[in-house]
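Number of protein chains: 2
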Amino acid sequence: MQPEGRSMRENILAAAVQLFSEYGYHAAPLRDIARLAGIQAASIYHHYPSKQALLVEIMEKHMQQLNSKLERILHEYHDPLDRLREAIANHIRLHTSNKAEFFIIDTELRALEGEHRTRIIAMRDTYDAMIQEILRDGMERGVFHPSDVKVTSYAIIALCTQVSSWFRPGGRLSVQQVIDIYYQMVSQGLVRVPEHKDEQKREESVRT
Amino acid sequence: MQPEGRSMRENILAAAVQLFSEYGYHAAPLRDIARLAGIQAASIYHHYPSKQALLVEIMEKHMQQLNSKLERILHEYHDPLDRLREAIANHIRLHTSNKAEFFIIDTELRALEGEHRTRIIAMRDTYDAMIQEILRDGMERGVFHPSDVKVTSYAIIALCTQVSSWFRPGGRLSVQQVIDIYYQMVSQGLVRVPEHKDEQKREESVRT
Chain Z
1 MQPEGRSMRE
11 NILAAAVQLF
21 SEYGYHAAPL
31 RDIARLAGIQ
41 AASIYHHYPS
51 KQALLVEIME
61 KHMQQLNSKL
71 ERILHEYHDP
81 LDRLREAIAN
91 HIRLHTSNKA
101 EFFIIDTELR
111 ALEGEHRTRI
121 IAMRDTYDAM
131 IQEILRDGME
141 RGVFHPSDVK
151 VTSYAIIALC
161 TQVSSWFRPG
171 GRLSVQQVID
181 IYYQMVSQGL
191 VRVPEHKDEQ
201 KREESVRT
Chain D
1 MQPEGRSMRE
11 NILAAAVQLF
21 SEYGYHAAPL
31 RDIARLAGIQ
41 AASIYHHYPS
51 KQALLVEIME
61 KHMQQLNSKL
71 ERILHEYHDP
81 LDRLREAIAN
91 HIRLHTSNKA
101 EFFIIDTELR
111 ALEGEHRTRI
121 IAMRDTYDAM
131 IQEILRDGME
141 RGVFHPSDVK
151 VTSYAIIALC
161 TQVSSWFRPG
171 GRLSVQQVID
181 IYYQMVSQGL
191 VRVPEHKDEQ
201 KREESVRT
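If you read the sequences in order, they're chains Z and D. Okay, so the first sequence: first residue is 1 according to UniProt numbering, each after it adds one. Okay, so the second sequence: first residue is 1 according to UniProt numbering, each after it adds one.
No lab work stands behind these hints: they were computed from the structure.
As the list makes no split between identical chains, a pair holds if one copy fits it or if it spans any two.
Keeping only pairs whose Cα atoms sit at most 20 Å apart, straight-line, the calculated EDC-like set for lysine to aspartate or glutamate is:
hint, residue 1, residue 2
1, Lys51, Glu22
2, Lys150, Asp180
3, Lys69, Asp106
4, Lys61, Glu108
5, Lys69, Asp128
6, Lys61, Glu113
With the hints as extra help, turn the sequences into a complete structure.
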């Protein structure tokens, strides 16, 4: 009976993801989730004690994955550029393959209650702290410009998170192409001016 | 009577902003908005024909402001760096002074119906197109690295939009400091490697 039980849990979770992301957490009643999952409204409580439990499981599952993968990257890579590239790739890969789930994570922290809220916020803080460790280490080693570590970490996270809102699988760009464009932007910035200055310097030194 | 009428409209709009951003559009009933605005549920229809009309007005008002200010920047500034800096400043200033309104804009496009949806999406496309014009022009003039214009525009917009989710007025950083950090990051990127290379080259040429 267990495999069937697990599969129904998955069905319910998938239905919750769909309705939370389409209408918002508060506007998606448990009975609609049950109906979409193909189960009686009363039976849903055998699998999840409440709508809040569904929200928490969606958030925890995907944030845990995000965190544990980044943790592995920090152990495997030690060069700040490798770490930055892999962190960007990890964030974009998970956000493009679980678009609806991360949209819920990004918009429904407001709907978390009490101790759940504390736990999920702590997971997010752990993730932020790891990104900040990559930045701090890179700055200390002179690889990155000195800058505000916290604000820069928020910026990188925001950048890579938003990919999920416009990325379409099978569209013009592959996930890897998006990762490459974002890594180039975060690492090099937009402006070619420094090179120009050097070219000018070189030209001037040729002239003199 | 007109000033009072206008002020009640403003009260209703403020109540809608509060409830849409706290609970989501679909979970905020019109009667709760009326109660919060201090008006009878039935009387709200004298001011707004529907909840949808409230959502549309919130979105239109602030997106129009965002667009018209960026349009002015494009007319006033012609240097790509000035344009980029002013565009980032405009986006961050409006998103930090109207946090709840832009949270609604960012999360409730899904709740727009029919022709409203088309109009609001068109406003967003106009904004994207102006950011893309800044980037394309800067790339053509050799000031910016060549890159994917669309994806880069999404990245910059995402970056500056997200400021509204963590910025707290009166906190550690002023709006202007955040603008400076973001402009530095978008224009220069994180990595100091190119300078390093040049320094190495210079050192090498000194040696030879």
